[in-house]
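One-letter residues, chain by chain:
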Amino acid sequence: MTSTTRTESGAPHDPAEGAESWRIGADLHAMTGELTQLGAQLQTLLDASIAPVVGEALAAVKRQHNRIAVLGQIKAGKSSFVNALVQRPNLLPADVNPWTAVVTRLHFAVPGQPSNGALFTFFGQDEWKRFTTDGGRLKELAGRLIPGYDPEEVQRQLAATRQRAETRLGQHYHRLFGKDRWYDTVTPDVIERYVCLGQHIDEPQSELISGRYADITKTADLYFEAEPFACPATVIDTPGTNDPALIRDEITLDSIDDADVYVVVLTAQQPLTTADLALLRILHGLRKNRIVVFINRMDDISGIDTGSRAILDGVRAVLNSEFPATEIPIVTGSALWANSALEMETADLDQIWVPELIAYARSIGALGASEPASLSGRNAISRERLSEVLYACSGMPQMVEHISNLMLKGTHGYWLTELGSTLLAAAESMTNSARNEAATLNKFLKKPDAENRMTANHARATTEMERLRKIAVEMRQFQYTADDWLRRETSDTLNGLRVELEREVTRFAASQAAAIPAAWLRGHSVQPWRCDALPLRSLMEERVLNAFWEVGKLLVDTQRQAIPELRRMLEAAVPDFVLQLSPTSLLNFNLTPSLTPLSKAVVFDLDDDWWQLWWRNAHSPAETARKIEDMIVAEFIPVAGELARSVETDLEVYLAAAIERFFGRCLGVVYTAIEREDKFARSTTALLDASIDAAAGHVSREHNERLNEVLQRINSGDRLIRALKVCMDRYAPMTWDEKRANR
Amino acid sequence: MNSGTSSKLLTWLRQTFYGAPAATSSQVAPSTAQHDAQIALLTRLQFAREALAAESGGNPTARRVFRALTRVEARLRRPVRVAVLGEFNTGKSSLVHLLLGGVSPQSSVMTDVRVPIHFRHGEKPALAQIGADGRPIPAEPRTIANDRGARVQLLEARLPVELLRGAEIIDAPGSANPIHDASALFPRIARNVQIALWCTSATQAWKGSEQRMWLTLPPRLRRASLLVVTHADRLRKSADREKVMDRLRRETAGYFRKTLMVSSTAQPWHTNGGAELAHELSAAIASVTAAREQAATRTARRIAGWAFERLSASGEADDAAALMAAWIAYSDALGANLSTGAATNAPPLGAFARAIFSFVSDTLGPWLDRHSDAARRRMILDLFRCDLAMLADATDGVRGEAVTARLRGILRQLREELAEMLRELPAPRARPSGLTPETRAALEPLLELAEGA
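In order, the protein sequences belong to chains H and V. At position 167 of the first sequence (counting the first as 1) the number is 167 in the numbering used here, and the numbers step up by one without a gap. At position 168 of the second sequence (counting the first as 1) the number is 168 in the numbering used here, and the numbers step up by one without a gap.
Where hints are given, some of them may not hold.
Said to hold, decoys possible - List time: in silico SDA-like cross-link candidates among lysine to any residue, alpha-carbon distance up to 20 Å:
(1) V:K237 - H:L349
(2) V:K243 - H:R164
(3) V:K243 - H:Q199
(4) H:K218 - H:T121
(5) H:K218 - H:E166
(6) V:K237 - H:T346
(7) H:K553 - H:S594
(8) V:K237 - H:D350
(9) H:K443 - H:N704
(10) V:K237 - H:K218
(11) H:K600 - H:W611
(12) V:K237 - H:D95
(13) V:K243 - H:W611
(14) H:K679 - H:R435
(15) H:K62 - H:L424
(16) V:K237 - H:R713
(17) H:K679 - H:R713
(18) V:K243 - H:D95
To be verified - Just some of the chain V residues that point at chain H, by a computed CB distance under 8 Å:
(19) Q204
(20) G208
(21) Q211
Hints are computed from structural coordinates only; laboratory data are not their basis. Even glycine gets a Cβ: it sits at the ideal position worked out from N, Cα and C.
All chains, please: the whole structure from these sequences, using the hints.
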């Protein structure tokens, strides 16, 4: 495997800004670095009682990694794009025929994973049966639409897959099911054997043939060091959609789970077909603001400079009219150019560096207007420079930028923001209690002492500790009460959501059914009529988001109602203490619910040809209407249930954390006070045994030292607060309002 | 060069039709032998038809045979239609352009023609917009085909290209284009063509959406259609081209007559798949023509056989049919007259009786003289004896409309009884004399023709 990093050069027209800007997720990495560092500094200042909260938030960030899924139609150049993105031009094999048969995950320094090697997991017996005998979900859906229908084409493909597996692996291939294989090093040969489709063969082949295990391999996991990512990342390469082989199509659609960035690869020759649009619709329904479109293979078209613009405008126009509220970034380029730039030695430069590309390079400023461009001769362009220019033309720098931006808005970014607000709360709380302690110490130092005073102080500290402990317990109980209340209210809202979702489904079903007789009367046949499930999905999504927003308000309400009582408790605990108590800002209510159940395919997603078969068996308008209504209800009621359940799970985790953090701040103050009294009591106990004069001097010395220390903490605290605010502002991800506006 | 060409194709078309004529010659033509065979068949059909035309004046059988042969001939003369189908930007229009013998067209990145273009033969180039009603919609040369409304359904281009005499070409807009998805047009186009050229791009050949679309079109097309893999020049190595072809042959087994690769932009076109395409298309056209000839021969034989039997053996039966037809026409007219007479309220019995009598004396009587014995003649004439007394009996107690209805009932009854009587006439003797020597001479070659096949 070759890992080539681009060489730097100080050439005058260098469009890239040095190697660091090439590292993907550099901003996220920088923010993680800054926050982690500030967190570490803060931890040294924190009391043992509050430090674990910060530790947990830091650990949560360390556990994160970014998932980047690369999707698109067959032969769009997804694998080549992945190679260019991860700067390993020869890693994933490509071919002129559809080649990637297995979902391949490339892990870059993912916490808890190895940093090199490859793991291939085979299908289990059940999964194999589901795909190659039962025909997978497509056949299941078709069966639901037209019971007993058994399309010949699917049968033929399934038989061919089973046959090929047997030819390649021998008749005992079933023994491999449920097993996996580990390789210490990743080589293209190994990948070819497990991931690539392979040539068609009629007789058994040797162990080393490409594609030997592809039919029965379920997933491939490849492990690498971090380069070229600045933070832990997993890139997911998928088999293409719109494959004539329905099974591979399905494997791809199954892999669209929860990624932070979706790269949709199109081709310049057929930029955006109806199949691409269908894929984008599914993704957009899931995660609107996580898509970036790469129009690959600009090397295939003529008139690159004008063509590139026309294609970009054309695709943007369609996407704007299709998704008016979302701005999906679109980049044109060529993975071929990028991979050639990364590996100049083997690149076919005569074929690639053609006059049209040179003109394009000059038109986008990657190459100077009068800079030499010929490959040979006295006035030739240097190889290093050519590599830079090719890379600049390839669209990869823009892709790196867009992907890095989207990473900031992904789950890793989300947990970073959480860490930021936790750190800020902890720093503020710490600084406030330090101010409070400083005031007490000052008071004490102003009236120096006597032995009785010290004894009295010791007694006071002991009772004070008792009292504070009681308040802490009381506060904890109050937290549980508030938590209970919030849970109850939330569960009411979510039950309401479930009911509403089901009502939307039945209402939609009825409206669709009602439309049928009218359509029947209007035309000679209703065949062109087709149930479009998209409006229902949008309605359900809207309901879920509203419920989510409602729960967000409940959280704020809970906190707002708790504030007077908490303030009273704090007042009782630390009379002259000032803690700014404010409910979680809704802007920080930064989580979005998982909408994955909505993307589950239903019979209404089947292609028109299936529906034509269905209509062929339709009888009367009334009966058809009833069937359609039943079918909508049967397909979507489970979806409604799953949606409600997944929202519930998401919220449970989030609300528990939010309440804990809110009360934790106040409890932190009380615990700090307890600790202070404890220290005080212990130091006076020690001093009571010593002579009074010495003791007096010692006490005032010790208190002075303590005062200095506290003042330093206040300083550091203030400095940290400022730094945290600056850091969070700089990398501010989208606010909730922006998120809502994007929907 | 790249992809969809239609806007430039249009420019070219406009130039061809309104400016300097482009040089046009094509490599696709039916083979000479094929052509000769077809001509021979057509000549025979024509000969038979003309001979029958002479007979058809008074002979209904000859008339029917004449019409049937005319239809067979028309079907045989109709040019084969070839549709060029596929997803957008797969080089359909470039292919059409090259088939028509044009020079390699310039390209645009995005396709912009939204209606099919029907290329037909014409002595002079002409371009017309056809509306939904099948009529031309007038347009200025500069604006033709730029109509963005739904009015224009089709562009009809006539060109003096020899290929188009034998095979018309329909260049369809591409499917899978989200801006204007033409896939709804495909089934309609496919119904009216015998051959399809399905264009698929070499670098992304035969996607699931293409397969699904193709499988929804009539299966009869699969026998004569070609899968044309365009942009072959984008696969630089011949090994790569072979790999793609290998997969396509496997995945599309049974879907096409043949799969072949072309590079419509590489020069010269004929060495880059053009010659092979021309050859395969000619062969496909020939196969369609041959199939048509076989069908025409079969039909002609059936017609000739039938006609031969009818004309030679059933002169009497046909005369009986003629008599029956004469009565039906006569009684219908009579029935119709009754309605108008009813309005005057005068009982039309007298007129009715006279009318029946005149049919008996002018037509029925003389026919029976020729065709039946005396006993049967009397029986039939008895039936038709409708004197006033009998009619008065039949219409006793009713007036106005009801009278008319009764009289119509009588006419109906007479029709049924006459038909029955005629059926009971003795089986006709073979009377070869019913066939003129000319007709016999015309029909015999048709019979031989079929026996040879």
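For this session: Would you check the hint for V:K243 and H:R164, treating anything up to 20 Å between C-alpha atoms as holding?
Result: holds (18 Å)
Problem set entry | Restraint check for V:K237 with H:D95, where alpha carbons must lie at most 20 Å apart | holds (12 Å)
For this session: Mind checking the alpha carbons of H:K62 and H:L424 for me, to see if they're no more than 20 Å apart?
Result: Judged against 20 Å, a Cα distance of about 18 Å means the pair holds.
For this session: Identify whether the interface hint at V:G208 stands, where standing means a beta carbon of chain H within less than 8 Å of its own.
Result: holds (4 Å)
Exercise. Is the Cα-Cα distance between V:K243 and H:D95 20 Å or less?
Worked result: Cα-Cα ~9 Å, so holds.
Exercise. Is H:K553 close enough to H:S594, meaning Cα to Cα at most 20 Å?
Worked result: holds (19 Å)
For this session: Mind checking the alpha carbons of V:K237 and H:T346 for me, to see if they're no more than 20 Å apart?
Result: holds (16 Å)
For this session: For the pair supplied as a hint, V:K237 and H:R713, confirm whether the alpha-carbon distance does not exceed 20 Å.
Result: It is violated: about 71 Å lies between the C-alpha atoms, which goes past 20 Å.
Exercise. Under the criterion that the straight-line Cα-Cα distance not exceed 20 Å, is the pair V:K237, H:D350 satisfied?
Worked result: Distance of about 15 Å is within 20 Å: holds.
Exercise. Is the straight-line distance between the alpha-carbon of V:K237 and that of H:L349 20 Å or less?
Worked result: Roughly 16 Å between the alpha carbons, so the hint for V:K237 and H:L349 holds.
For this session: Measure nothing beyond the straight line between the CA atoms of V:K243 and H:W611; if it is 20 Å or shorter, mark the hint as holding.
Result: Distance of about 35 Å is beyond 20 Å: violated.
Exercise. Does H:N704 lie within 20 Å of H:K443 when you go C-alpha to C-alpha?
Worked result: Judged against 20 Å, a Cα distance of about 12 Å means the pair holds.
Hints 10, 13, 16 from the earlier list are contradicted by this structure; the remaining hints agree with it.
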